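S.K.: Whole structure, please, built from the sequences with the hints as guidance.
Protein chains in written order, with full-length UniProt numbering: chain A, 1 to 480; chain B, 1 to 480.
Hint data in this document are derived by calculation from the structure and do not stem from the laboratory.
Here the structure is a predicted model, which is why all the values come from computation and not from measurement.
Treat the hints with caution; some may be incorrect.
If chains are identical, the list can't say which one is meant, so a pair holds when it fits in one copy or spans any two.
As the list claims (entries may be wrong) - Simulated pairs of lysine-lysine, DSS-like, Cα-Cα distance not exceeding 30 angstroms: (1) Lys-60 with Lys-268; (2) Lys-268 with Lys-214; (3) Lys-271 with Lys-229; (4) Lys-214 with Lys-60; (5) Lys-229 with Lys-214; (6) Lys-122 with Lys-60; (7) Lys-229 with Lys-195; (8) Lys-271 with Lys-122; (9) Lys-195 with Lys-122; (10) Lys-195 with Lys-214; (11) Lys-271 with Lys-214.
Number of protein chains: 2
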Amino acid sequence: MNEVEAKKPQESLQDRLAQVVELLHRQKLVEDLAHRQEGHNQDLVEGLVHRQNLVELQRKLDELHPADVAHILEALPPEDRLTIWHLVRSERDGDILLEVSDAVRETLIADMDDQELLAAAKEMDADELADLAPELPRDVVHELMETLDAQQRERVRSALSYEEDQIGALMDFEMVTIREDVSLEVVLRYLRRLKELPGHTDKLFVVDYDGVLKGVLPIKRLLVNDPEKQVAEVMANDPVAFHPDEDAYDAAQAFERYDLVSSPVVDKNGKLIGRLTIDEMVDLIREESESEVLSMAGLREEEDIFASVWKSVRNRWAWLAINLVTAFLASRVIGLFEGSIEKLVALAALMPIVAGIGGNSGNQTITMIVRAMALGQVSIGNTARLLRKELGVSLVNGLVWGGVIGAVAQALYGSWSLGVVMTAAMTLNLLLAALMGVLIPMTLARLGRDPAMGASVMITAMTDSGGFFIFLGLATLFLL
Amino acid sequence: MNEVEAKKPQESLQDRLAQVVELLHRQKLVEDLAHRQEGHNQDLVEGLVHRQNLVELQRKLDELHPADVAHILEALPPEDRLTIWHLVRSERDGDILLEVSDAVRETLIADMDDQELLAAAKEMDADELADLAPELPRDVVHELMETLDAQQRERVRSALSYEEDQIGALMDFEMVTIREDVSLEVVLRYLRRLKELPGHTDKLFVVDYDGVLKGVLPIKRLLVNDPEKQVAEVMANDPVAFHPDEDAYDAAQAFERYDLVSSPVVDKNGKLIGRLTIDEMVDLIREESESEVLSMAGLREEEDIFASVWKSVRNRWAWLAINLVTAFLASRVIGLFEGSIEKLVALAALMPIVAGIGGNSGNQTITMIVRAMALGQVSIGNTARLLRKELGVSLVNGLVWGGVIGAVAQALYGSWSLGVVMTAAMTLNLLLAALMGVLIPMTLARLGRDPAMGASVMITAMTDSGGFFIFLGLATLFLL
Chain A
1 MNEVEAKKPQ
11 ESLQDRLAQV
21 VELLHRQKLV
31 EDLAHRQEGH
41 NQDLVEGLVH
51 RQNLVELQRK
61 LDELHPADVA
71 HILEALPPED
81 RLTIWHLVRS
91 ERDGDILLEV
101 SDAVRETLIA
111 DMDDQELLAA
121 AKEMDADELA
131 DLAPELPRDV
141 VHELMETLDA
151 QQRERVRSAL
161 SYEEDQIGAL
171 MDFEMVTIRE
181 DVSLEVVLRY
191 LRRLKELPGH
201 TDKLFVVDYD
211 GVLKGVLPIK
221 RLLVNDPEKQ
231 VAEVMANDPV
241 AFHPDEDAYD
251 AAQAFERYDL
261 VSSPVVDKNG
271 KLIGRLTIDE
281 MVDLIREESE
291 SEVLSMAGLR
301 EEEDIFASVW
311 KSVRNRWAWL
321 AINLVTAFLA
331 SRVIGLFEGS
341 IEKLVALAAL
351 MPIVAGIGGN
361 SGNQTITMIV
371 RAMALGQVSI
381 GNTARLLRKE
391 LGVSLVNGLV
401 WGGVIGAVAQ
411 ALYGSWSLGV
421 VMTAAMTLNL
431 LLAALMGVLI
441 PMTLARLGRD
451 PAMGASVMIT
461 AMTDSGGFFI
471 FLGLATLFLL
Chain B
1 MNEVEAKKPQ
11 ESLQDRLAQV
21 VELLHRQKLV
31 EDLAHRQEGH
41 NQDLVEGLVH
51 RQNLVELQRK
61 LDELHPADVA
71 HILEALPPED
81 RLTIWHLVRS
91 ERDGDILLEV
101 SDAVRETLIA
111 DMDDQELLAA
121 AKEMDADELA
131 DLAPELPRDV
141 VHELMETLDA
151 QQRERVRSAL
161 SYEEDQIGAL
171 MDFEMVTIRE
181 DVSLEVVLRY
191 LRRLKELPGH
201 TDKLFVVDYD
211 GVLKGVLPIK
221 RLLVNDPEKQ
231 VAEVMANDPV
241 AFHPDEDAYD
251 AAQAFERYDL
261 VSSPVVDKNG
271 KLIGRLTIDE
281 MVDLIREESE
291 SEVLSMAGLR
301 EEEDIFASVW
311 KSVRNRWAWL
321 AINLVTAFLA
331 SRVIGLFEGS
341 IEKLVALAAL
351 MPIVAGIGGN
361 SGNQTITMIV
371 RAMALGQVSI
381 GNTARLLRKE
391 LGVSLVNGLV
401 WGGVIGAVAQ
411 ALYGSWSLGV
421 VMTAAMTLNL
431 LLAALMGVLI
441 PMTLARLGRD
451 PAMGASVMIT
461 AMTDSGGFFI
471 FLGLATLFLL
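M.R.: Here it is, written out as structure tokens:
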């Protein structure tokens, strides 16, 4: 699909969003009125107002970039979302479908019939089709594939054969390739004949007769060098290139690190098969950080904010269930000490402080470690050192804050020994939090799992059960 | 500073990192040996091995892109970091300083004398100098400014006059400007005379004689159009442009949304004053998502993973202290019901379950909402709807999981009424968690604060105190 040249936004996005919503509400008001006055012979006036409103709304939508329409759709509750979706001109459907999140895309596709879907998909490039295909009805995909030429079909198949997190699933096929034995002048003339260059073309790919990548010719070099020179003299011989089965996130980090705009993808024989561009990488970087946040909180996946209650419950239930089990175990730990609590009921009031501070501190540690792991800063034999540091931080915090709360406990309950037990328990639980905050994500990573997965739930489980056991255990030993 | 053409990494970054670390350790071993055998007349051999090692290490470092050296520095503990830093060729110091995180940059700068700093900064562009200036010693900055010409000095001053989160602080000044009344042929000849184009030049800026931006000429259009055409015929008249005092994060979202590579920055009179590029925006997008993760966990700022214990304590203490206060309040809530607990000690064992599930569920809700707010999907009068949905999710979860745990409580303690109280308390606390999970970030945003700020600590505080109060209150009313 052609790149859309972005227009300067006259108003901020939020303003435009607000305008659309206002028009939408006015529209609903009019419809409500029309409904209530049915048969009152006011149809004509109502009809006019109605139509006027719709026209204005449609005009607003037409002016917006597909990405902005997508943003508006994301922010609207389902009914309003569909009202707007129906007002969008059908030739823009495809562009917008490619911009919305997976969750919202599902709701939009569910609302379209096969003909509409086919029309929306008709103008898409192979890589865009492959993006969309998994969510389309089977027969639509089948029909679509029929309409493609052999090369396009092969490309869609190839893109579909990769996992979502592999480079092959993210590459596109819009490349300008040239030979190395021609002059820059010839290249310039060739480009002029193309009429249009693909988006994000900051370099041309130099290939031999077998399609093997020989180098890249940055457009910058093409522009500043003497047109008489040969491509081979000017090109970069040893460009950053990727393989389709590599991890896409590694590629995103390379784009970020080396400030790339586009990069060739080659197969194992060095043959050029596709291209990665910075826009896909930016999306990936954002998605990765988001999924880190979500998985730390124990959410399975991105959630449409207006998803149905039932869908949300399913997204969240797994970690809640795990939390229930861990909370139950913590409760059983307390159960072990019911005798002690009966003798000294103050223990019941003080124990959540020990557990709570441990959880908070553990969450800080685990957040730090997960982040450092995501950036590739951990895993080179510096675990022991990291652990030492985190234990040091916990020791300081335990003695200081544990001391404070110990003093408060002494003042409240008039027992010095209770204060000392409190301080000791807090320090020990903070040390446990540091230990687990480092070990949990590292163990998950070693097991090949996402180190952020439910990090918050797991560390809290440790510091709760651990905190109760340490505090009630010490109290039973020394106070009773 | 010239853009470095990235070389294809022969091995993965992790491999290269591991190699450097291995060389570093071998080096330390040799030094240890030399130290222990002092006076044993083996100096000659040791000296040789020592030197050989250093040479190899230095060669490895020379081969690496500055961003990769920066990455290695980030991942090393302070002593090793400085060893490597001393081995880096001084002409690369500047490039590397610009790539490392603020926390690590501080430690590196602290190790350099004024002469070294001046040398490193000498080749920087105005925007890069402005990046670095706040962390340099005053007299170094002063001396640096002396060496600049008037235009450069003005640019540094201007960049320094903006807040860190304003576009003015992120723009660079490397722009190619052209006039609209020349032919593309003339533009092409002009570019050839420049010898080199700035990085990320995907468009040329068209200005009039007063420097007012008239449009942009995408390089793509320059290449595919007839050289006889005038710039004015081919240029885009109404490009996305930014003002220096706008929020940089909004610009980053625009880059992401409209797939921009570079964009002009104009003052209020429309005069072109700088340029934004995608590489800065990518860094910003990553930083924003990271700071969201960190602030949810109650960490004040990014922390060098090998920061000293003391520094880490300072970074984390504020939210720990707040947590201490809230935990103390929760403890006082329990204190209110000490009489009830004395009568029915099972309450002490069961109450953390109610609080814990509430905290977990509340964290899920608040994570969702914070994320939706960051994406600008909340704030258009859909609060009530969101709240309704979250309350719905909580109600389902409360009845289901509360029912399960209520049944377990009945089985354990043989009391039906205890089970019912448990179910009711869990449901109510989950509803409270949903309410607070929506209201806390929205209230923070309305107060002009970061909605993610300490979100996790605050929601846990609510669900702890609330959970204890609800459960113990219901138990006191109905069981005793």
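S.K.: The structure should be examined with respect to each hint, and the outcome stated for every one.
M.R.: Right, here's what the structure says about each hint:
1. For the identical chains of this complex, Lys-60 and Lys-268 are inter-copy neighbours only, at 26 angstroms across copies versus 49 angstroms inside a copy, given an alpha-carbon limit of 30 angstroms.
2. Taking CA atoms no more than 30 angstroms apart as the test, Lys-268 paired with Lys-214 passes inside one copy only; the shortest distance there is 14 angstroms, against 47 angstroms between copies.
3. Within a single copy, Lys-271 and Lys-229 get their C-alpha atoms as close as 25 angstroms, which meets the 30 angstroms cut-off; across copies the closest is 38 angstroms, which misses it.
4. Taking identical chains as interchangeable, the C-alpha atoms of Lys-214 and Lys-60 lie at most 30 angstroms apart only when they sit on different chains, with a minimum of 25 angstroms there against 48 angstroms within one chain.
5. For the homomeric pair Lys-229 and Lys-214, the shortest alpha-carbon distance inside one copy (17 angstroms) is at most 30 angstroms, but the shortest distance between copies (34 angstroms) is not.
6. In this homomeric assembly, Lys-122 and Lys-60 come within 30 angstroms of each other (Cα to Cα) only inside a single copy, at 25 angstroms, whereas the closest approach across copies is 51 angstroms.
7. Taking the closest pair of Cα atoms, Lys-229 and Lys-195 come within 30 angstroms of each other both inside a single copy (23 angstroms) and across two copies (14 angstroms).
8. For the homomeric pair Lys-271 and Lys-122, the shortest alpha-carbon distance inside one copy (29 angstroms) is at most 30 angstroms, but the shortest distance between copies (43 angstroms) is not.
9. Taking the closest pair of Cα atoms, Lys-195 and Lys-122 come within 30 angstroms of each other only inside a single copy of the chain (22 angstroms); across copies the shortest separation is 43 angstroms, beyond that limit.
10. Both within a single protomer and between protomers do Lys-195 and Lys-214 lie at most 30 angstroms apart by alpha-carbon distance, with minima of 25 angstroms and 24 angstroms respectively.
11. Taking CA atoms no more than 30 angstroms apart as the test, Lys-271 paired with Lys-214 passes inside one copy only; the shortest distance there is 9 angstroms, against 43 angstroms between copies.
Of the hints listed earlier, there is not a single one the structure fails to meet.
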